[in-house]
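Colleague: Sequences listed follow chains Z and L, in order. Residues in the first sequence are numbered consecutively from 1, following the working numbering. Residues in the second sequence are numbered consecutively from 1001, following the working numbering.
Some clues are possibly wrong.
No farther apart than 30 Å at their CA atoms in a straight line, the calculated lysine-lysine pairs in the BS3-like style are these [as the list claims (entries may be wrong)]: (1) K1032/L / K1003/L; (2) K1096/L / K288/Z; (3) K1365/L / K99/Z; (4) K204/Z / K117/Z; (5) K55/Z / K1096/L; (6) K1365/L / K221/Z; (7) K71/Z / K81/Z; (8) K1365/L / K81/Z; (9) K1350/L / K1071/L; (10) K1221/L / K288/Z; (11) K81/Z / K1343/L; (12) K1286/L / K1245/L; (13) K1083/L / K81/Z; (14) K189/Z / K117/Z; (15) K330/Z / K189/Z; (16) K99/Z / K1221/L; (17) K1365/L / K71/Z; (18) K117/Z / K3/Z; (19) K59/Z / K221/Z; (20) K1221/L / K55/Z.
Rather than coming from a laboratory, the hints here were simulated on the basis of the structure.
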Amino acid sequence: MDKYKVMIGLEMHCEISETNTKVFSSAENSYSELPNSNIRPIDMGFPGTLPTVNKEAVKMALMASMALGCKQPEYMYFERKNYYYPDMPKNFQITQETKPIPVGIYGEFEYYCGDEKKKVRINNIHLEEDAASSDHFSTYSVIDYNRAGVPLLELVTEPDFRSADEAVSFLETMRSIYQYANISEADSKKGQIRCDVNVSIMDKDLDENDMRNWGTKIEIKNVNSFGGVRDAINYEIKRQTELKEQGTYDQMEQQTRRWDEESMSTIFMRSKVDAIDYKYFVEPNIPKYKISKEWLDEIRKSIPRFANERMEEYMDKYSLSRYDATILVKEKDVSDYFEEVIKLGGNPKSASNWLTSVILGHLNKYDITIKELYLTPQMLVDLMEMVESGKISSKQSKEVLYKVLSEGKDPKTIVDELGIKQIGDDKMIRELVCKVLDEHLELIEEHRKGRNVFDYFVGQIMKATRGQANPKMTAQIIREEIEKR
Amino acid sequence: MNKGILELHDMLVKGEVTSDELVKEALELSHKIQDECNAFVTILDDAKGCDVTDNLLSGIPYGVKDNYSTKGILSTGSSNTLKDYIPFFNATAIEKLNSAGAVKVNKTVMDEFGMGGTGTTGHTGIVKNPWDKTRMTAGSSAGSAAAVAAGVYPYATGSDTGDSIRKPAAYCGIVGYKPTYGMISRYGLFAFASSLDHCGVLSRSVEDAAIVVDNMKGIDKNDMTSWDSSDMHLYDSLNGDVKGKKICYIKEICDIDNYPNATDELKMHLSNFHNVLDKCRELGMKVESVSVDKTLLNALASVYVVISCAEATSNMSNLTGIIFGPRSDADNYIDMMRDYRTKGFSPLIKRRFVIGSYVLQAQNKDRYFYNAQRVRRLLVDAWKNLFKDYDAVILPVGTGPAKYLDSSKDALNNDETLTILEEHLQIGNFGGFPSITIPDGFINNLPVGLNITGNCYDDINVLNIAYAIEKTMPYKNQIAKEVK
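Here chain Z stands alone, though its shape is the one from the complex (with noise of 0.2 Å):
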């Protein structure tokens, strides 16, 4: 591998799947079990029925392409691509070609690989309809509408990903982009994310600025998950790498393949000289419109921060790691409730401490969201400030929080009912810790010589109070009464 130096471009396909309707078409655009219940005339393509293109959709993808660092367009266009296949009843995609230009053309986009930033740059993006789903079975298939029209995005880089390392992260920041711009729920499970991945190796000491050192583009098609990406870049990699080794790399012709995830290798599917004329021409029952600048600037305010920026603010300005600070824009609602807490002057290390520690375990294990939590961002900021006060411990802290959560009752409602205040008094305390040193005078003996004797003591007074006095007070009281004897 160190003579080779790998090329690897990516094409993203990601469903919208935050719209109410599909992106041609009136029917509703949501995920449903039942097949062909999603739909409108057509999506079957009945004749005489026409597409309208849905706004929101519109203005998801100009969202993306912001995010992406594109460049917008002054006109919407939108074109036909021409093909015969079963889950296409018309018999055509509306799609976006680069001329006239789509949602976002010619971008840069940074993201992070491990620690290391690094740069890709974006070819286009464009909205379009999605295909019917089809299931095979052995002597025949069955089609489900439902997933036809739904709007779809369609990401384009350019080769600059070094390793499969490098594209999967890109693919994991473009997915939380989508989630966190509430486009897409981004959920490969549900197929809303596929990619096609391109993979080509080039000798190392030669020119990368010039295309004709790139070598053989391979395309693999329909890779559906980020670990099937991984894998078929290293399979693609490494077989192309012993072409090389073999001296029959350059025989290879321009090829399209697909991932097989069954034999973890990648299976011929055509060469470039059967590739498909797609005979792509202008929508016409779209009319082509403008994009004003006003709603272009009402789009761009609305992007949210994303996962990466707030991980750097993160790590800036409230000192966390990286590690919790990774974990805690893993998802929009996690990150934006740790900020509500913050903006409700909760501390920032503590609240990534309940956060990390205690609440995102809770909610993996009963399998819920952070919306669903009982316990709002003003709860927990309740609750840390009893601690800081010294009304309750550390410890009694976490037994409230899982009282609040299973109960369903605010924290100040469990403290009151559990009394467990934590016992702030002087005189209180001090009365308790001379009744225990009156009791075990010998151990103050054993104390000046040497022994220590203090844990002992802290352990009896919180077993005489159920764990109600303030540890740090008692502490220092027991160390006054002491010297005093």
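With chain Z fixed as given, assemble chain L onto it according to the hints.
Modeller: Showing chain L alone in chain Z's frame:
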């Protein structure tokens, strides 16, 4: 049924006739004209009259071209590929006519999917011209034209991609009007070439055409190319006042010198046209001759073929016989589609699909498809330039009266010098211009027509000019009288 909408409405309101009686008469006439002209795919024998309201169309029968989707009623596009297709939704225009209280009594034969200009390519056979059964009606709105001309009802819907309303109207001695692109929603109209397709009407008077389109038009959330015309009242705006209007005709199309092989019919047709122009002058209109680059005009027919075939091949890809249409029993979906399409489409349509595919292929696209788009733009610009100085362009339709059926070939094999005269109506589709054909005379007892085309959104002006010219001639509400 040989009356106009206003008169029928008046009779209905006064109780001189009932809606049921009108429908019954229209159905009887439908069967008669079916026998004589083969104008219908379906006759709705169980159609019933309905309540008469303030709406001028209420209770009055009409016909529907068979490429309009009609809920629960066979809608074939006159193609074997949809010979059993019963839609479950109405075209928007039909929905609007329904709510106006109009009563549909039949579905009319057309050239298969509108892709023809003869009325001879529908799957139920050729349509004959009621004036002379040995002649064609022209197409594609052939059945609609024949039925309206024969007096089955006062109007029928049509669609117009090249001249499919306006040419048969001329051949049948009636009025054919296609309003500005997008004035009537195309939702539910079987697509032929979406950027050229228009809904419209065939009637026996300009006022009837205006009344019907008033009821068909309107912005539709299902058609993004439709626009709001709620402040345009076509019928109410007809006043016949055309004094001071400026209209022009194009030398390169109208002068007999352009046609070295002109027949007597053509000579009569053009001289009749120039006589009508004199009548226009008498009405106080300024009529001028203008010149348009002949090279540009000569490109017109090719531009139409390229663009319409390209869009058609894509639009009709949905016809696979799998979801709707008579499904083939071949073993797999590819063979099913091939079988269905091979058997279902007529050779003419297949030829157009081949042309459409060819011009869209990557290696040909710039030379044919993009060039056609460019020339389309030039032609539209040339007409828009005329509209800067003139209220409308007035031109003769075709080379004379209806052609004989047996000498007809839909292939574009005419005398090339006549092509412009035969095809110029297509410019109305290129630009989406409002365009109306009215009868303007007779040659050997057969009707001929002229066309008035104006700028987009200028429908009222176009209708008014047509209305004024119509008044100078005795052809309003004429019913076909068989010549032989």
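Colleague: Which of the numbered hints above does this structure break?
Modeller: Checked against the structure, no hint fails, so every one of them is satisfied.
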